[in-house]
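Trainee: So the sequences go chain by chain: A and B. Taking the working numbering, the leading residue of the first sequence gets 8, the next gets one more, and so forth. Taking the working numbering, the leading residue of the second sequence gets 8, the next gets one more, and so forth.
No wet-lab data here; the hints were simulated from the structure. Please read these numbers as outputs of a predicted model, since none were measured by experiment. Keep in mind that a hint or two might mislead.
One copy or two, either will do: identical chains are not told apart, so a pair holds if it fits within one copy or between any two.
[Claimed, not checked] Heads up, simulated DSS-like pairs for lysine-lysine below, C-alpha to C-alpha not over 30 Å straight-line:
1. Lys-123 <-> Lys-261
2. Lys-323 <-> Lys-159
3. Lys-261 <-> Lys-288
4. Lys-156 <-> Lys-288
Number of protein chains: 2
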Amino acid sequence: MSIAQQQATVKSNSTSTDRTPLDKLSALLSADMLKVNEKILLNMESGVSLIPQIASYLIAAGGKRIRPLLTLACTRLYGDTGERPFNLAASVEFIHTATLLHDDVVDGSDQRRGKKAANLVFGNQASVLVGDFLFSRAFQLMVEDGSIKVLKILSDASAIIAQGEVKQLTTANNLTTTMEDYIEVVSAKTAALFAAACEIGPVIADAGEPQENAMREYGMCLGIAFQIVDDVLDYSATQQKLGKSIGDDFQEGKMTAPVIIALASADAQDKEFLTRTIEHKDQKDGDLEQMQQILLKYNALEQGMDMARSYAEKAKNALKDTPQCELRELLADLITFTIEREY
Amino acid sequence: MSIAQQQATVKSNSTSTDRTPLDKLSALLSADMLKVNEKILLNMESGVSLIPQIASYLIAAGGKRIRPLLTLACTRLYGDTGERPFNLAASVEFIHTATLLHDDVVDGSDQRRGKKAANLVFGNQASVLVGDFLFSRAFQLMVEDGSIKVLKILSDASAIIAQGEVKQLTTANNLTTTMEDYIEVVSAKTAALFAAACEIGPVIADAGEPQENAMREYGMCLGIAFQIVDDVLDYSATQQKLGKSIGDDFQEGKMTAPVIIALASADAQDKEFLTRTIEHKDQKDGDLEQMQQILLKYNALEQGMDMARSYAEKAKNALKDTPQCELRELLADLITFTIEREY
Numbered sequence: 008m009s010i011a012q013q014q015a016t017v018k019s020n021s022t023s024t025d026r027t028p029l030d031k032l033s034a035l036l037s038a039d040m041l042k043v044n045e046k047i048l049l050n051m052e053s054g055v056s057l058i059p060q061i062a063s064y065l066i067a068a069g070g071k072r073i074r075p076l077l078t079l080a081c082t083r084l085y086g087d088t089g090e091r092p093f094n095l096a097a098s099v100e101f102i103h104t105a106t107l108l109h110d111d112v113v114d115g116s117d118q119r120r121g122k123k124a125a126n127l128v129f130g131n132q133a134s135v136l137v138g139d140f141l142f143s144r145a146f147q148l149m150v151e152d153g154s155i156k157v158l159k160i161l162s163d164a165s166a167i168i169a170q171g172e173v174k175q176l177t178t179a180n181n182l183t184t185t186m187e188d189y190i191e192v193v194s195a196k197t198a199a200l201f202a203a204a205c206e207i208g209p210v211i212a213d214a215g216e217p218q219e220n221a222m223r224e225y226g227m228c229l230g231i232a233f234q235i236v237d238d239v240l241d242y243s244a245t246q247q248k249l250g251k252s253i254g255d256d257f258q259e260g261k262m263t264a265p266v267i268i269a270l271a272s273a274d275a276q277d278k279e280f281l282t283r284t285i286e287h288k289d290q291k292d293g294d295l296e297q298m299q300q301i302l303l304k305y306n307a308l309e310q311g312m313d314m315a316r317s318y319a320e321k322a323k324n325a326l327k328d329t330p331q332c333e334l335r336e337l338l339a340d341l342i343t344f345t346i347e348r349e350y
Numbered sequence: 008m009s010i011a012q013q014q015a016t017v018k019s020n021s022t023s024t025d026r027t028p029l030d031k032l033s034a035l036l037s038a039d040m041l042k043v044n045e046k047i048l049l050n051m052e053s054g055v056s057l058i059p060q061i062a063s064y065l066i067a068a069g070g071k072r073i074r075p076l077l078t079l080a081c082t083r084l085y086g087d088t089g090e091r092p093f094n095l096a097a098s099v100e101f102i103h104t105a106t107l108l109h110d111d112v113v114d115g116s117d118q119r120r121g122k123k124a125a126n127l128v129f130g131n132q133a134s135v136l137v138g139d140f141l142f143s144r145a146f147q148l149m150v151e152d153g154s155i156k157v158l159k160i161l162s163d164a165s166a167i168i169a170q171g172e173v174k175q176l177t178t179a180n181n182l183t184t185t186m187e188d189y190i191e192v193v194s195a196k197t198a199a200l201f202a203a204a205c206e207i208g209p210v211i212a213d214a215g216e217p218q219e220n221a222m223r224e225y226g227m228c229l230g231i232a233f234q235i236v237d238d239v240l241d242y243s244a245t246q247q248k249l250g251k252s253i254g255d256d257f258q259e260g261k262m263t264a265p266v267i268i269a270l271a272s273a274d275a276q277d278k279e280f281l282t283r284t285i286e287h288k289d290q291k292d293g294d295l296e297q298m299q300q301i302l303l304k305y306n307a308l309e310q311g312m313d314m315a316r317s318y319a320e321k322a323k324n325a326l327k328d329t330p331q332c333e334l335r336e337l338l339a340d341l342i343t344f345t346i347e348r349e350y
């Protein structure tokens, strides 16, 4: 083997081991994802130019496209199912994008996907209305597909997401929030769309109720694990890797897993700190760093990760009676990746 | 006839002439509307108490319930059609309520239906999210009904409404807005839901495409007339009758029919006034009164009403091949009322 060949082999090996399961899933489904991206671009068009402008600002910013990938994977797991998944995967991404636009208005976010948040660039008004447009367009795509079952799954998910977001408003700055409240919020605002994105796969493929339930459970548990890890990363990641500000949850006084865990064991002084910063929203320079110290002291990030790992385990179990193939392996690897990612 | 009997007759006559066609429609369909109200109350329930709290704040504030009434009337015009219209009329009212919640956030409104706007009482965040919830719930109700055709009509309408609202953002404070732009905004943001509310009547009743088109045209033209009158009343009504602040459109620099008409004939001095107050948003005490004088000078309110009347005429024509009955008479009277109302 020539040196050049050796170098090429090393490079290809290292590329292959560096690639995340999400990258591999994208690569395996790249022809399908191309079609989904076409549908996305086509359907965010409008005679009112501000609409594609804002939609593409957010959608072109990339993001992991994890939800449409899940829909594709959970459909193709059951063989070739034609073109139906494309519209529906685009529909799932539109619902997600609409919730991001509204979330950023609600949270007053500064950054999203490594860029200035859309509400800061285009204003809250446009963000609310373009979110409404994308949400409506999602339903138009489902109607075009024509399955009432899919429409039920995704309209139920949408209602649950909004309900979860409202509940989150009422738990913010509220130290009486329990871990059950938190899991309810997380299941609704994040995991419900993961679950729906996965469940519609076997529905499209007509694979029967046990498979629908299995994929729904997989998506739900993956989504809960994903959000818990997100909430841990909000205290532990580096801003560069995360692509959004860290400490946002702290600043907004969100009651996430790490906070609830720390609060349960906190001594009087730390409780006082949490009351001032989270309940009374009275924060000053250095408070985020002190909060991070408190979370370390009570091992709250690690305990949060343990919770995430237990949902990851459930997600893995949900896959056991689904068709054995490369896609299933990648779906399983995706769970591990969700837990181990640093962003 | 005894004096008491005479008095009773006079009273009943005067009551009957004082009642608006909307009141009469409500009375004729009161049993149905009771069922619709039950559906509305039932479906805004949620374990997250802030949701029914905000939804009922707005829905209990009354409003004219004109859209669900239109759905009921346009269904019952074709005979008894069972229980289907109840869920769908509630769905139409939920879409309307969701857009009101989002509109008030976008416009920064102070008043709605004679009360403090929901965003001021509960905050913009909750208004955005509860709007999303009601919107999702509307689709859940349609899914429960199960008609893809109805889902298509209402998801198309929802996308068009959002698009119209975004277009309105881009026309605000923009003196180059044409009457065509204005009619496009009005057709989308208001008339599309009127049209859809009416069209689903013959769809539910399975009355055939010509009837669907006729009722759609009726709703569309009624909706355009309704909005033009609204925009005239925003300069001419009394606040007490309107149940919301007058001059809101002026303050927000909205390019409505009266403004576009006046601008077309305005002399240099009046143009300067419009540029300062509407384009540059530089308004001071007394400007609303001066604006009203300018609208009078160019006969802009009366010309706006003429436009509304021409759409009213089209709405009347649309009814000519629909079943002749008391309901149709009331639908026709509703057009006249829309034009002649003072609120």
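Trainee: Next, verify each hint and record whether it holds.
Mentor: Right, here's what the structure says about each hint:
1. Lys-123 <-> Lys-261: both (21 Å within a copy, 29 Å between copies)
2. Lys-323 <-> Lys-159: within (26 Å within a copy, 38 Å between copies)
3. Lys-261 <-> Lys-288: within (10 Å within a copy, 37 Å between copies)
4. Lys-156 <-> Lys-288: neither (44 Å within a copy, 49 Å between copies)
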